[in-house]
Amino acid sequence: MKIIKKQIFGLDISDHSIEALVLTKPFFGKPKITSYARTILRGEIIKNGIIKKPEKLADSIFKLLESGVPKPIRTPYCVISLPESQVFTTIFKLPSGLKRDEIKNTIPFKAEEVIPFKTSEIYFDFKPIAQEGETQEVFYVAVPIKVVDSYLAVLEGIGLNPLAFDLESISLARAVVDSNKKSAGAKLIMDIGDRTTNLNIFSHGGIRQSVSINVAGDRFTKAISSKLKVTPQKANELKMKSGFNPKQEQGKVLLVLQNEFKRIIEEAKKLIDYFQTEQQGQIDKVILAGGSSLLPAIDQYLADNFNIETTVGKPFTKISDPNDLAKLKGKSVLFSNVTGLALRGISKDPVSSDINLLPSSKMKFALAPPKEEKKAWKSIYIRLAIFVILVVIFGGLLFAQKQGQDFYRKLFPQPTFQANFENINFDSLDQLRQQFIDSEEEEIDEEETEAIEPEIKVQIINTGTGFLNVREGPGTNNPKIGQALPGEEYLFIAEEDDWYQIELDQETVGWVSSNFAELIEPELIEDESTEDGEVQEEAEEVVEPEPVPKISIIINDTSLGYLNVREGPGTGNAKIGEVLPDEEFAVLDESQGWYQIEFEEGTKGWISSVYVDKVE
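The opening position of the sequence shown corresponds to residue 2 in our numbering, with each subsequent residue numbered one higher.
Read the hints as simulated data drawn from the structure, not as lab findings.
Possibly wrong hints are sitting among the right ones.
Lysine-lysine pairs mimicking DSSO-like chemistry, simulated, CA-CA at most 30 Å apart [unchecked claim]:
1. Lys48 with Lys242
2. Lys551 with Lys576
3. Lys349 with Lys33
4. Lys332 with Lys228
5. Lys271 with Lys94
6. Lys26 with Lys7
With the hints as constraints, model all of the structure from the sequences given.
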């Protein structure tokens, strides 16, 4: 629960630079810049998004925040983006009827087939971005745990509290794509940095396709230095001065850059063709970002090659641009990503409004504001004083009541009256009292003859391990809290999603899978007293359960050309075989979205229901 609105700044950390930006959202008009800062990272402090020297990075961030203009950045709350080179993204097509919790449980099975990581090695998040008929498209993002944890360690080490780990491509789009402009076309965002060029197709609030190329600013500088026989420093000056302008340096720099941009242009054209052919989409604009987007005439050069409108991103069109930021106007594109992060920081819900790869255990706001927020503390002090006053008043009233003072009687005295018992028939009252006592005794007798409902037990079936895990909740993703032994009976409490809740002992209640347990329901016997005092037994009618109809399934096509068969229901179980598309099997059992089949003679295994269809 967010009690007090906190000031949150955007923090963009790349291989060669760091930018920070604080925005303030007024009641009317565009957001305003409160403070900003930028610094260059010397040496390999970060390489390809991996932190190599955490101590130097922490020192650089601390100095950056102190150098903020027009004032230092002192708030600890920030939104940060993760390096695109370390993030995996894809689009999954799922049934439109699935809710968020159902998608969360389904998506790991889908991701297992396409991402190069184990589920235990990643943080992931997702968001639905489009729906058509019975299908919805879900944008999926995953990042290695060690990458996120390394950034968290540096930030927390200098007292910063990150509220969200954003995706660089999404924060860029947030800053440079005009969300108010009604355009059906998608946008190709070309982020040309120092070490990599990231190509991202943005549409319907998500990244539809992306490619990362190891050709960027550093390579351009080295090529110019080698071809023109100049120092790297001079080569960088020529690059930023001449760019794609044929009139500068007799067109020598242009020729070098044309050769280096061949691969970028080829990959971009492939990406555009694939999106427009396979996704039936149309790209109507190319937006440039990153330091190399400042090369002279680069927008016109790319527009001629793509035959698509190409512009350099203008992040400051979404915020107020005060006079004291005039010196940044020519280089505002360098603040594109951090502007997108800062815009998220002033949104209604910076934590959950978009993709967030921050571990869920870290997603929280502190209830108390920082010491420097005097207005916030003043509000807390006033509420605390009111609470103390109310406690004193109620405490005084209770003390006075114990001393025999009844203030309520003094404020609201009861009216006096005189009782008149002359016309009351006491014999009639005695008769009514006796009738009431007799009726109460009859009700008690009826209750005593009612059958006492027997307790339902859960008996554990033999397992291969000699025990059955008891978990904190209904599902294998819940922590293990104990073990139940085969043949033992435990008190049944509740049932949910093929799981039984049992009383393991007097102090422990947990859940066991119904696949390895069965309910034991004793016969219900009712005692009825006859007029002669004899007890009759009424046999309870035993209703045989209807047999479960057998179903068959057929295997769908998969990206691998086969579907894994596992030892148990879940990706955590060992793989014991494979089945091919269009093969048909009878279902032996079903558990948590998995089917048990006999795929070889005498060999049974489990397959995910995501990749099969039922045969009517």
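Each hint tested on the structure:
1. Straight-line distance between C-alpha atoms of lysine 48 and lysine 242 comes to about 27 Å, which keeps the hinted pair within the 30 Å bound.
2. This hinted pair checks out: lysine 551 and lysine 576 have alpha carbons roughly 25 Å apart, not beyond 30 Å.
3. A threshold of 30 Å between alpha carbons decides the hint, and for lysine 349 with lysine 33 the separation of about 16 Å falls inside it, so the pair holds.
4. In summary, the hint linking lysine 332 to lysine 228 is supported, as the alpha carbons are separated by about 28 Å, within the 30 Å threshold.
5. Between lysine 271 and lysine 94 the alpha-carbon distance is near 23 Å, which keeps this suggested pair within the 30 Å criterion.
6. Annotation: proposed proximity of lysine 26 to lysine 7 holds, straight-line Cα distance about 12 Å (limit 30 Å).
Going through the hint list in order, the structure satisfies each hint without exception.
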